[in-house]
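Construct all of the structure, not just a fragment, from the sequences and the given hints.
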Amino acid sequence: MSSGKSGENRSTSRGDLTEVAECVWEIARTGGMRVPGRIYADERLLPQILSDKGIEQVVNVAHLPGVVRYSLAMPDIHWGYGFPIGGVAATDPSEGGVVSPGGVGYDINCGVRLVASRMRREDVADRIPDLISALFRDVPCGLGSHGAIGSLSQRDVRDVMAEGARWAVTRGYGTEADLDRTEDGGCLSSADPSTVSKRAVERGRPQVGTLGSGNHFIEVGFVDEIYDEARAAAFGLELGSVTLMIHSGSRGLGYQVCDDYLNVMQDAVPKYGIDLPDRQLACAPVESPEGKRYLAAMASAANYAWANRQVMMVLAKRSIAGVMKASEAELGLRLVYDVCHNIAKMERHMVGDKEKLLCIHRKGATRAFPGSHDDVPDCYRSAGQPVLIPGDMGTHSFVSAGTLTALEETFGSSCHGAGRVMSRTKARKMARGRNLADELRGMGVYVTAKGKATLAEEMPSAYKDVSDVVDVMDRTGIARKVVRLKPLGVAKG
Amino acid sequence: MVVAAVVAVAEAPASNPSAWVTPCRWRTNLMAERPHYTEIDHTADVGVELRAHDLVSAFERTAACMFDLICHLDEIGSAWSRRVTVRGRPGDLEHLMVRWLSELLYLSASSRILLSQFKIEEFDVEGRGAGGESSIVAQVHGERMDTARHSLRVEIKAPTYHSLRIEETPQGWAVRVIFDT
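Quick note, the sequences are listed as chains A and B, same order. All you need for my numbering is the position in the first sequence, starting with 1, plus 1393. All you need for my numbering is the position in the second sequence, starting with 1, plus 1.
Mixed in with the good hints, there may be bad ones.
Partner residues are not named here, just some residues of chain B that face chain A (Cβ under 8 Å, in silico) [unchecked claim]:
#	residue
1	R154
2	K158
3	Q172
Here are the simulated DMTMM-like pairs of lysine to aspartate or glutamate, each with C-alpha atoms no more than 25 Å apart in a straight line [said to hold, decoys possible]:
#	chain 1	residue 1	chain 2	residue 2
4	A	K1843	A	D1864
5	A	K1822	B	D42
6	A	K1843	B	D147
7	A	K1822	B	E76
8	A	K1819	B	E50
Hints in this document: simulated from the structure, not taken from any laboratory. The beta carbon of each residue, even a glycine, is placed where N, CA and C say it ideally should be.
This is the structure:
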């Protein structure tokens, strides 16, 4: 990278895209691109996708040293910084492949977990405001939220980063079975807390078990449609049963790790003679000291995020049990799965006829492995890995299942959400003079938010139609649609 | 782009910081004025564009805009104060801006403080001082975050390099920053 000005180097139009298969669009290699770009989208989503700079960012990512096959974008792609949100890129360390903190993002291991229950929609119909108030009270929400389980010592935070979700389980927050139903068992063994700065540790001390703000949420919903009976049964999701979904990440600790290493990468880029079109893509070879240290620190933050969601889930289960005046066992509250959607991981994938160890960046993309993959727990062998796709707070969320096609085409990755289509500024303008909480109540969703502007910025029309996004993944065979969830109540930061 | 190598700010002699006299308005807990800026229509994140007559005030103003996005500055007092030192790569204005804003966000998050006033006392882009790094020394003011009094608007995770612009124009300095939210 020279001095690295950019992010606005070229615009992409419909004419630059060639449909190479149903719902798969290719951007040919030009200029400094090392691989072509590939975007998963249908005719309905494409105009929205072309309306911002997301596709330019797909092109930018294709410039990364060692990137293999394609710079990929899922149908929820939108303009981010560096990588697009909904971007997937694999780099080959044996070919000088790099790791880029911008390909993970500040909220390292931002992710989703879904809890199933035996409760029926009718059981909670008149308890939703009570449930949401209790969740809001027991799981700290909002900007800088803290104090869910007290402030940890620096040593405790280092243990959290080394052990991940297990740290929570050994302290009474959940069970061994929860770990089995968490991506990577809730712990990346490549974590090395000594690579995490004191500042990051300090920020992590008060925030285990807290939701944060922005698009993070806790949602009570129910299964309102089943598309695949067998897989739904394997996931323990029955029509009309109540669910709990939690969306959060690694909080201030993760932001600090990203910030610290983005700074390290600013020096690594000229040191390794890397040329990039956007400075936010700053990176270092996976095998370099800088790359190794970042991956170890990122894994530490990812483990913190898994512990965070594990603690939050247990606090939320206790809240629900309290309101429903029944035990968690009686209510049948059970983790379905926990996925992360902001991460870089070393995974084995086929490139041509060779199996290679690649660094897979998923920035706003969810792992979607088939049941046959070693990393999928035995309980989901026949169904495939659950892929959790939260929509906007007014409409729906979905559960899909990973496939062999995903492994072959997208390095085992699928979409992660609806994808924004409207800026926060525009959403706030559109919300002026409206009572969004009342509007959502009219749609059957009870919402409480901590932040003043959160409801406006996160209103349903600010997002693409999540059904369209999930359908593209289903039609292309990347992730099979299993059930649809309808929200009843949402607590937002 | 012409970058002033060392800008000594008149009210804050670098040689003797303790001689710097705190203006009256900072001794009381007065609210700051909201800065003028334009919010960029970015799909996922939040960005600002602003102008300033010189480079130092461009840095001060960008910090003010960032905190105004978090909570309108006219809601934030100034009873709390801290001296901040930031270092960056010599001759790299973008790096110095990102380090400056990141440092202030860290200060805010770690001390649960909202900042409202920013006075840069020493500003050295070229790294002519000790260590050969670019640097900023500033006195910043704010107050403890109180969710009962402060209407928090958005959580800013970090300033980004994406589309970052710090340029001298015939009308003064123009800055654009996109923040991850």
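Now for the hints, and whether the structure bears them out:
1. Checking R154/B against chain A: minimum C-beta separation of about 5 Å stays under 8 Å; hint holds.
2. For the restraint placing K158/B at the interface with chain A, the shortest Cβ-Cβ distance is roughly 4 Å, inside the 8 Å limit, so the hint holds.
3. Violation of the interface hint for Q172/B is found here, the shortest Cβ-Cβ separation to chain A being roughly 20 Å, above the 8 Å cut-off.
4. With a C-alpha separation of about 32 Å, the suggested pair K1843/A and D1864/A falls outside the 25 Å cut-off, and the hint is violated.
5. Restraint check for K1822/A and D42/B: the C-alpha separation of about 11 Å stays at or below 25 Å, so the hint holds.
6. For the proposed pair K1843/A and D147/B, the alpha carbon gap of about 13 Å is at most 25 Å, so the pair holds.
7. Distance restraint check for K1822/A and E76/B: the Cα-Cα separation of roughly 21 Å lies within the 25 Å cut-off, and the hinted pair is therefore satisfied.
8. Proposed proximity of K1819/A and E50/B is supported: the alpha carbons are some 16 Å apart, at most 25 Å.
Hints 3, 4, counting from the list given before, are not met by this structure.
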